[in-house]
Structure formats: structure tokens, C-alpha cells
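As given, the protein sequences belong to chains E and C, one line each in that order. If you number the first sequence the way the numbering used here does, the last residue is 387 and the count never jumps. If you number the second sequence the way the numbering used here does, the last residue is 820 and the count never jumps.
Treat the hints as calculated values from the structure; they're not laboratory data. One or more of the hints may lead you astray.
Sample of chain C residues at the chain E side, in silico, Cβ under 8 Å [said to hold, decoys possible]:
1. E427
2. T438
3. V445
4. L450
Here chain C is said to cover these stretches of chain E; the calculated rule only asks that three of the stretch's residues, wherever they fall, bring their Cβ under 8 Å from a Cβ of chain C [said to hold, decoys possible]:
5. 239-253
6. 325-331
All residues carry an ideal CB built from backbone N, CA and C; glycine is no exception.
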Amino acid sequence: MASSTTGPVVGENKVSGFIFGVIAWIVGLMFFFPIFWLVLNSFKTEEAANGDPVLFFTPTLEQYREVTASSTGLLSFGEAFFNSAWVVVVSTIIVMVLAIPAAYSLAIRPVEKWRDVLFFFISTKFLPIAAAILPLWILARDLGLLNTRLVLIILYTALNLPLAVWMLRSFFAEVPRELIEASQMDGASLMSQIRSVILPIVSPGIAATALLSFIFAWNEFFLAVQLNPVDGSTVPIWVTTAVTTRGLFLAKLSAASTLATLPVVLAGWAAQKRMIRGLALGAIK
Amino acid sequence: MKKSTESRSRQKMLVSLLALLALVAAACGSTADSVTDAASDVADEVTGGDEEEAMEDEEEAMEDEEEAMEDEEAMEDEGGDRPFDGETLVVALVGNPQIEDIATLTPEHFTAETGINVEFTFLDEGTLREVTTRDVNAGGEQFDIVQIGMFETPQFGAAGNLVGLNQFIENDPDYNVDDLLPAVRNGLSVDGELFSAPVYGESSFIMYRTDLIDNMPEAPTWEEVAAIAEEVNSDDVAGICLRTRPGWGDLGATFGTVLNTFGGTYWLANEDGSIGEAQVDQPEFREALQFYGDLYNNAGLQNLDASFNECRTAFDEGQVAIWYDATVAAGLLEEGNQAGNIGYALAPTNVTDTSGWLWAWTMAIPASSSNPDAAWEFISWATSEEYINLAGEEIGWASAPPGTRTSTYANPNYIEAAESFAQRTLDAMNAAPIDNPGTTPRPGLPGVQYVGVPEFQNVGTLCTEQFNAFFAGGSIDDALATCQEIAAAETVG
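In isolation and in its complexed conformation, chain E is listed as follows (with noise of 0.2 Å):
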């Protein structure tokens, strides 16, 4: 009896595994085929990317020289690239500073009304950033830090920072209590408890929210198109503003955004096995 129940299950089991293994396939592949399209256009010829499709041409690295050379007065490659580095990686830095201490105490030591505290700190998200612009605008006009660099990190540090502490509050509130305490009674002070016991053990989680970080900085355009516009921006708005419209643009266009999306790419591909683990991490209670 035992076996017969057990039989058709794993049968079902096996059956419903290809299905969802073909689903999965195909929803990637959907997922994938727009970048597999764009960078297949970004080394073809105009004429060639705006004909019938193709799969099979002569490659060309044309158009990523056009979409490179600087023009005058015009932003360029090089800038736009050190600049979203720059606001960028320190952005993400002192997003990681201002949230490990935050993420500790809410987890492994959690302050009075830990709840509220965190709720708080998600609520800076539920509005929505376009009926929020005018009043950053007059801030930062008033400030001086319209067509800087500065006001891009300070907005994206705090466009991060709720996500950040929340994510690695989770991640704290895997650390096996036993281990702290053993630490703590080893005579370990606060400092060596996080870095030799807490850190180690929670890194794929600071890698994961990182990078996550990163991403959403590098990709944002709507605070760098109000804000900082001008020759201080950022890839995303270089995208913009170095593809003409004059004639054919589609394989030029193409060019620049695979070139924009290769540093969050590369990223991405480097820190895999690490982000999956931390965000599975998080997951599992």
C-alpha cells in the first residue's frame, strides 16, 4: 500500500520537475533574450541593426568607438564612467558603514521598540520619489548642490540605506546566539565580537546587500536627470545624451547601453556564488 502511494509521487514528482525546469528555461531565455538582442546590435552596422534580423553578420566594434569619442562640451564616456564610480562606490561605503552598526543593534542586540525602529526605517521608501523631487530640488538648490556629485551620494546613500539595514538585519539574526556568547565569555570586546565572530560568518550577506546597492545606484536616472544633469552626471544620463538622432541610432544606442550595464554585469558575475548564498540566507528562518 505504502508503495503504491509512494510510487505515483515520485513519478508526479519527476514529471512536474521537467515541466517546471522547461517554464523556468523559457522564462529566463524571455528574460535574457532583450540583452542577448541588444548586444548582438551594439557590433552590428546601422544598416545591418535596423534591417531584417539577423543572426549572423560581420561584427564590427564600430559603433562603441562613435558612442566613446568625446565630443566638446558634451558629456563623455570617460566622465560619465568616473562619475557614477565615484558616487557609486562611495555611496554604497557609507551605505555599508551607517548600516552594519544599525543592522547589529536590531538584530543581536535590539534597542528599545526594535520594531518600530524598523518600520520606520521602510517607511522612507512608501513614497514615491517623483512627488518627492520638488522638495529635494529646493534643498538642493538652496544648499548649492545643484550640478554636483554630492547631492547624487547623499540621495543615493539615503535611497540605500533602509533597504541595506533591513536586508542585513536578517542576515545578524542568523548568527547562532552561542557563538556571540562564547565569544563574549572568552572576554572578546564588542569590536573583536563583530569582526572576528559576527563579520565572517554573515559576509555573503555584506556582499549580497552591496552589491544590490551598487546596482541600484549605478542604474539610477530619474534623481541624476532632475539633479545633475550637466557635465557632473552619470552613465545612465551619458546613454542619453551621447547617441544623435540624426539618421539611424539603434546599433549606436545599443553599444552604449551594453556599456553601461557591463560594470553591474561584471559585478554581478564576480560576487554570484556569493550573493546567492546570502540572499538564500536570509531566507531560511
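Once you've looked at the hints, dock chain C against the given chain E.
Using the frame of chain E, we list chain C on its own:
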């Protein structure tokens, strides 16, 4: 097993790092010849070529410094000719070909002459409006020069948010202000004070296929156009393409001219020029909307999201016989599939004598600009006759900015390149009824296809959404009632 995974992961990190370095190198190269060059630079660095390169870089830097010093000396010698030497202007412009040409020509032809550096920001039309409107009206000092349209210029100017240009023009004998087309100059002025200088201008007219239509009058009525459109309308070719996309600058523009010439209006004007009683519930308004809707449904290209670009493509591909839209389309069509097969007629009328719209993209100086004198230097160059000639010679005569100066239409080079549409464009622009667009006085400032009050942006967009629903099969009564309610909410007094 674990070891191999780890080493693979390390390899991955190394490859990513190298690729990232290549990208950084490409980014930092001044002209960034190509990604492959950058990658080989990285390879050089890895193999120890970095010291040599560093020395080369130093030498280059020293040479640059020497050059810069020589340049400075040369500039000092020139003395007073370059009063704004070394200053920098920040300019926000709309990203379209004729405007982008300005940025292309600036370093060699403006910066080299004046020593003024210009930093350009190109934005799409919607974002540009958001960014510039806020900057101009709230004194953000983000920009020294902003590109605005004929709708915004008189409003911002009258509110004191733009620097008046008359003072500069008086001191700049080279700037031929009398050469500006009178209708354009008028539309950009308040009480004789010019508040922005036009980059290019346009009116609206009828474009039609001469191989399909041979009975289009030079100055047709809407009735005649509708009859011809219905006559040529077939399964293969639609009679006419009309804008249908909601938006005060989309459907609002074409319908606005139809409304004017049918004697309708959104509002009456109070004695002080403020917004009076809403008129959407009047018979003229209904007649105009019914006519537009019938023409769309009986002989129009069936696309409820059509605007300039959709109609342009449809006309170019031979899907429509008539198109009513901006005169600036002519230059683009004459480069396409229908070149040589296109006729042009003035904007159709009904009860008024003329009905074409009037629009210009212009450059203005926000009152908050810290450097209005240098800003004028740039504007006077970029909107001059000299610039139009330069763009014609360097970029191509058909692409020279149209619709701003009388002299453009006397230039034999331009006339040759734009033979088929130049005169019609000029006629349409001169005929545009900027001061008296319909049969009743309008509130606010002059405007043809729009009402010159800030409230129109919102009302025009919300009402055209209702009109679009009517074209799609909805009730005209509902559309008019809702629009009347929206318009009436803005009535003053």
C-alpha cells in the same frame, strides 16, 4: 572538488577585474579609440609596459601645458575682443538633429572665436520642459541658457523669469533682429520686449501625394480636404493622417487649429485678460470635434496613438494620401520614399481666413543666470543668419534651421535644397494668425494651437484624452461634458 570550485571562482574574479580595468581604461582615454585598444593597454600594464606609458603621459601633459600657455598668451594679445574668455555656459536643449548640430559646430566656430566654453545637456522634450520650467521659475541657477518654446516664452517673460533681450540686441549691431520672421518675433515678445531668440520655427500645412490627388486647392477649406480624403480613401491607402494621441502638444495642436477655424474656443477672455467662461459646451466646439472625429473615422488612418512620427512614417511608406501637420515635416519627407511626389497646401480653413499654427523652439536666458552677457554671446551666434549659413555648409542645406529668418528664404542655396516646400513654409508662417487665431478674443498671451495661459497644459491634455475616447467610439456628449467641467474649473471670477 571544493578546491576546483574555489579556483574557478578566483578565475572568474580575475577575468571580471581585468574586463572592468579595460572598461576603466577605455573610459579614461581621451578619445577612447576602441575597447580593443583599451584592452591591449591593460595587457601592456600587466606585462610591465606601464612605466613607459607613464613617461609618455607625462611628456604629453607637459606639451599640453605649453600649448595652453601659448594659447593664453595669444588670447591676452587679442585683448578686449574676447571679454568672456574662459567662462563656461551650461545649456539645456532638446535632443533632436537640428539642435544637436549646434553642439557639433560650437567648439570650432564659437568657442574658438570667443573663448567661451559651452556645456550641453540634451534631454527629451518632456524632461526638458520639467527641468527648465522649474529652473526658470524657481531660480535654480542650473542653466545659463534654456531651450523653451513659443508657449512658454511670453508666459515666463511676462512673469519676470527671463532676461529681456532688447538690451543686448541694441548693443549688438551684428544681430539682425529685423530679419526675424514677424510672426515668430511677435510670438516671442511681450510689449515689444523679445524674451527668447528662435532656433527654428514651424507652422502647419497640408502635405499630399501628387500621384493620387490632382485637385487640391492651394488654400483649401476643411470641407474640400475631407471630400478629397474620402474620395481617395481605399483599403490600400488611407485618405488622411490626423494626430489622435492625447496631449496638449499632440492631438491638442492639430485639433486646436481646427477648433479655431470652426469658431470654437476653450474659454472666453475676461476684460483683464484672465480666463473667462468655459466654451466647450458651445455648438462651434461640438461641430469642430464632430468634424475631426468623422474625418478620422471615415477617411483617416486608423491609429488612435498617432502623432507626428507615426504619421510621418505612414506617409513615407505610402499608407496615406494626405497629412496635416508641421511644416518642418517637409524637409524629412523630401529625403524619403515619396520625394518628388509631394504637394503642399496651406492649412485648411472653415470660417476664418487662415488657420495654420505657429511654433518655434527658442533659446532664452533665465533671470537667475549668473552670466547673461556671455549667454547672449552664444545665443546671438546660434540664432544668427551666420549660423544658418554655417549649418547649411557644414551639415547640409536641407537641414539648415528653417522658419526663423526672412534671409533664409532668400538664400539661393537653401531655396535650391528646399525648393518644393520653402515658399509654402514661409507663406504658412506668415499667415499664422498668432494675434487673432479664431473668432473670439482669447485669455492670456497670444497663441494659435494653444491658449497662452499656464492652465492650458493640464486642460489641453485632459480634454484630448476625452476626445481620443470619442474617436474610439465613445460618446461625444460625454467627452464634451467632461472637458467643459475640466475647463470651467479654471475660470476666474
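Results for each hint:
Hint on E427/C holds. Least Cβ distance to chain E is approximately 5 Å, under the 8 Å limit. Interface hint at T438/C: satisfied, since its Cβ lies 7 Å from the closest Cβ of chain E, which is below the 8 Å cut-off. Nearest Cβ of chain E to the Cβ of V445/C: about 5 Å, under the 8 Å cut. The hint holds. The beta carbon of L450/C is positioned within 8 Å of a beta carbon in chain E (closest approach about 7 Å), and the interface hint is therefore held.
Three residues within the 8 Å Cβ limit are the bar, and the stretch 239-253 of chain E against chain C gives 5, so the coverage statement holds. Taking a C-beta to C-beta cut-off of 8 Å, the stretch 325-331 of chain E contributes 3 residues in contact with chain C, enough for the three needed, and the coverage statement holds.
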